[in-house]
Amino acid sequence: MRGTENTGGRIAVVFDRISLLGMLLILAAILTAAMVVQYGFGEIPCPLCLLQRVAMFGWCFGLIAQLRSATSEQGTGISLIFAILLLVISARQTLLDLFPRPSHEYIGSAIFGIHMPVWSVLVAVALLLGLATRLALFGGRSYSVMGDGLLTRRLARGLIIYVVLICAINFVSVVIQCGVGECHTFGYRLLR
Amino acid sequence: MRQSHSFPTPIIYGDDCIPRAGEQGHIISMMAAIYAILLIAFVLDLLGRERLAGCCLFLSFILCVWLFLWEIYSPEYGFRMPWLQVELGPIFAPLRSV
Numbered sequence: 013m014r015g016t017e018n019t020g021g022r023i024a025v026v027f028d029r030i031s032l033l034g035m036l037l038i039l040a041a042i043l044t045a046a047m048v049v050q051y052g053f054g055e056i057p058c059p060l061c062l063l064q065r066v067a068m069f070g071w072c073f074g075l076i077a078q079l080r081s082a083t084s085e086q087g088t089g090i091s092l093i094f095a096i097l098l099l100v101i102s103a104r105q106t107l108l109d110l111f112p113r114p115s116h117e118y119i120g121s122a123i124f125g126i127h128m129p130v131w132s133v134l135v136a137v138a139l140l141l142g143l144a145t146r147l148a149l150f151g152g153r154s155y156s157v158m159g160d161g162l163l164t165r166r167l168a169r170g171l172i173i174y175v176v177l178i179c180a181i182n183f184v185s186v187v188i189q190c191g192v193g194e195c196h197t198f199g200y201r202l203l204r
Numbered sequence: 147m148r149q150s151h152s153f154p155t156p157i158i159y160g161d162d163c164i165p166r167a168g169e170q171g172h173i174i175s176m177m178a179a180i181y182a183i184l185l186i187a188f189v190l191d192l193l194g195r196e197r198l199a200g201c202c203l204f205l206s207f208i209l210c211v212w213l214f215l216w217e218i219y220s221p222e223y224g225f226r227m228p229w230l231q232v233e234l235g236p237i238f239a240p241l242r243s244v
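So the sequence lines, in the order shown, correspond to chains A and B. Here the numbering used here is used: the first residue of the first sequence is 13, the next is one more, and so on. Here the numbering used here is used: the first residue of the second sequence is 147, the next is one more, and so on.
Everything labelled a hint here was simulated from the structure, so no lab data went into it. Hints are all accurate, no fakes.
Just a sample of chain A residues kept apart from chain B, beta carbon distances all over 12 Å, derived:
hint, residue
1, A24
2, E85
3, A122
4, L141
5, L162
6, L203
Below, a sample of chain B positions facing chain A; criterion: calculated Cβ distance under 8 Å:
hint, residue
7, A178
8, S206
9, F214
Residues from chain A that keep clear of chain B, each with C-beta distances beyond 10 Å, as calculated:
hint, residue
10, L37
11, Q50
12, A82
13, L99
14, V130
15, V133
16, L134
17, L140
18, L163
We put the CB at the ideal spot given by N, CA and C, even for glycine.
This is chain A alone, in the form it adopts within the complex (with noise of 0.2 Å):
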């Protein structure tokens, strides 16, 4: 009897181990995804554009967070915070933009006939919807650190280093895009 509740919280480990490690390839496919748009396409972001970017990145960095843990929630908690930031910021923006007038169009090219902001408020309330079922399934379960299997630690290692070198390359491109001053979409500013 011990042996199969054993055998099914080690199931759920594993389970909830894989859902965080989903949600951060998600996450690191979107942020790849916005940087081919970016450097492939000639799409320079919009200032609320790289803020739900760095919203997107706390999200990871909770994630990542949460993955090394487990005895705590405090990883779901940050990633909840930012979770709720980049809707914010999305449903704002795409309101911004929602009623066209001069200078106020969607920034950027459609993907699916849905500009990015509204993408970002679709993303954000998938992974909302991800994180809730995942507290729903697994949370506030404890078990011994690291009690998944050895690919998926290396997985998560991967990809955590991954993270880190997108956030790097972005702090180098606002670097150049904005200077010493406001951020805008007419070019990069230090390229002049």
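For chain A, the structure is supplied; the task is to place chain B on it using the hints.
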């Protein structure tokens, strides 16, 4: 009936975005500072200095909220969005006459 509004000064965004009058140069690159602090938080976290990393993350969060409020504030409209108008639909017409 929808009122027609004119928006003489573009507030912030758009590819032809124009900085708000009188505010150009009043802010240093807060965005670069936010990203720098965020990067420091990640690096400290990688190095195992979790408490310090948390402090940096909190600081970047505060700066991010501050910059967001600065970005959306307009000298003309404040935080309001007057381009969004709401009308009572026909379904509420009987209520309006009461």
